[in-house]
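Based on the sequences and whatever the hints tell you, model everything.
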Amino acid sequence: MLRIKEKGIEDMGKKIISFLSDGILSGIFLCVGCCVSMSVESKPLGAFLFSLGLCAIIVFKFGLFTGKAGYMAVKPLSYVPEVVLTFIGNATGAAIGGFLLNLTRLEATLSEKAAAITATKFADSPLSIFVLAVFCGILMFTAVDGNKRATEKGDFVMSLFIVVLPVMVFILCGFNHCIADTCYFFISKCANASQAAVYFLCAVLGNAVGCMSVPMVKKLSLNKLF
Numbered sequence: 001m002l003r004i005k006e007k008g009i010e011d012m013g014k015k016i017i018s019f020l021s022d023g024i025l026s027g028i029f030l031c032v033g034c035c036v037s038m039s040v041e042s043k044p045l046g047a048f049l050f051s052l053g054l055c056a057i058i059v060f061k062f063g064l065f066t067g068k069a070g071y072m073a074v075k076p077l078s079y080v081p082e083v084v085l086t087f088i089g090n091a092t093g094a095a096i097g098g099f100l101l102n103l104t105r106l107e108a109t110l111s112e113k114a115a116a117i118t119a120t121k122f123a124d125s126p127l128s129i130f131v132l133a134v135f136c137g138i139l140m141f142t143a144v145d146g147n148k149r150a151t152e153k154g155d156f157v158m159s160l161f162i163v164v165l166p167v168m169v170f171i172l173c174g175f176n177h178c179i180a181d182t183c184y185f186f187i188s189k190c191a192n193a194s195q196a197a198v199y200f201l202c203a204v205l206g207n208a209v210g211c212m213s214v215p216m217v218k219k220l221s222l223n224k225l226f
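Numbering (the numbering used here), first residue to last: 1 to 226.
In case anyone wonders, no lab produced these hints; they're calculated from the structure.
Just so you know, these numbers come straight off a predicted model, no measurement behind them.
Any given hint could turn out to be false.
Keeping only pairs whose Cα atoms sit at most 25 Å apart, straight-line, the calculated DMTMM-like set for lysine to aspartate or glutamate is [stated by the list, open to error]:
id	residue 1	residue 2
1	43	155
2	224	145
3	113	10
4	43	124
5	15	82
And the structure:
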């Protein structure tokens, strides 16, 4: 009995480490996406190149909060800790990525641009932050779940486009992605920190609601997703 309990604790520990490590890698990859999007003059090109982050996360099966949050609508409550741990890992990865980028010659340019981005986002009203995050969540669920479905059908072209297009749309529209914005926050050396708490609370909730809205509403449809 004791051995079974020890095995259960060991397995749980491995899962926690797995969720955190995958989440950290996702945060770092999104920092790369933020870096390249701020490094090119063309906004559409920057949005396209940013999608490398999500493509890598999906291909290498890392963990992203906005990639997992939508499934809280269809999975048991025991799934929630996985999403929470993934979020913690993402935020940690964003902090690591931002810190490392600020050790480079890119620091002066990137931190200034990131500070301008966070200043605009953090100055927004809570309702606007939330709504823009909801739309981003809808797009992120579309990207992640759409990629799964296209891959299962063997449709390589669609599996690629269904990831790249939602990412480009959310960036070009100015929607709020809580993890990407965490990357900008740390790259900016935590500029505008006094406004960060309200912003991230609204953005996280909005992303979660947006991600869950598609599977929740589809429960009413005759064409079920799950």
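Outcome of the hint check:
no.	hint	result
1	43 with 155	violated, 28 Å
2	224 with 145	holds, 13 Å
3	113 with 10	violated, 44 Å
4	43 with 124	holds, 21 Å
5	15 with 82	holds, 9 Å
When the structure is compared with the earlier hints, violations turn up for hints 1 and 3 and for no others.
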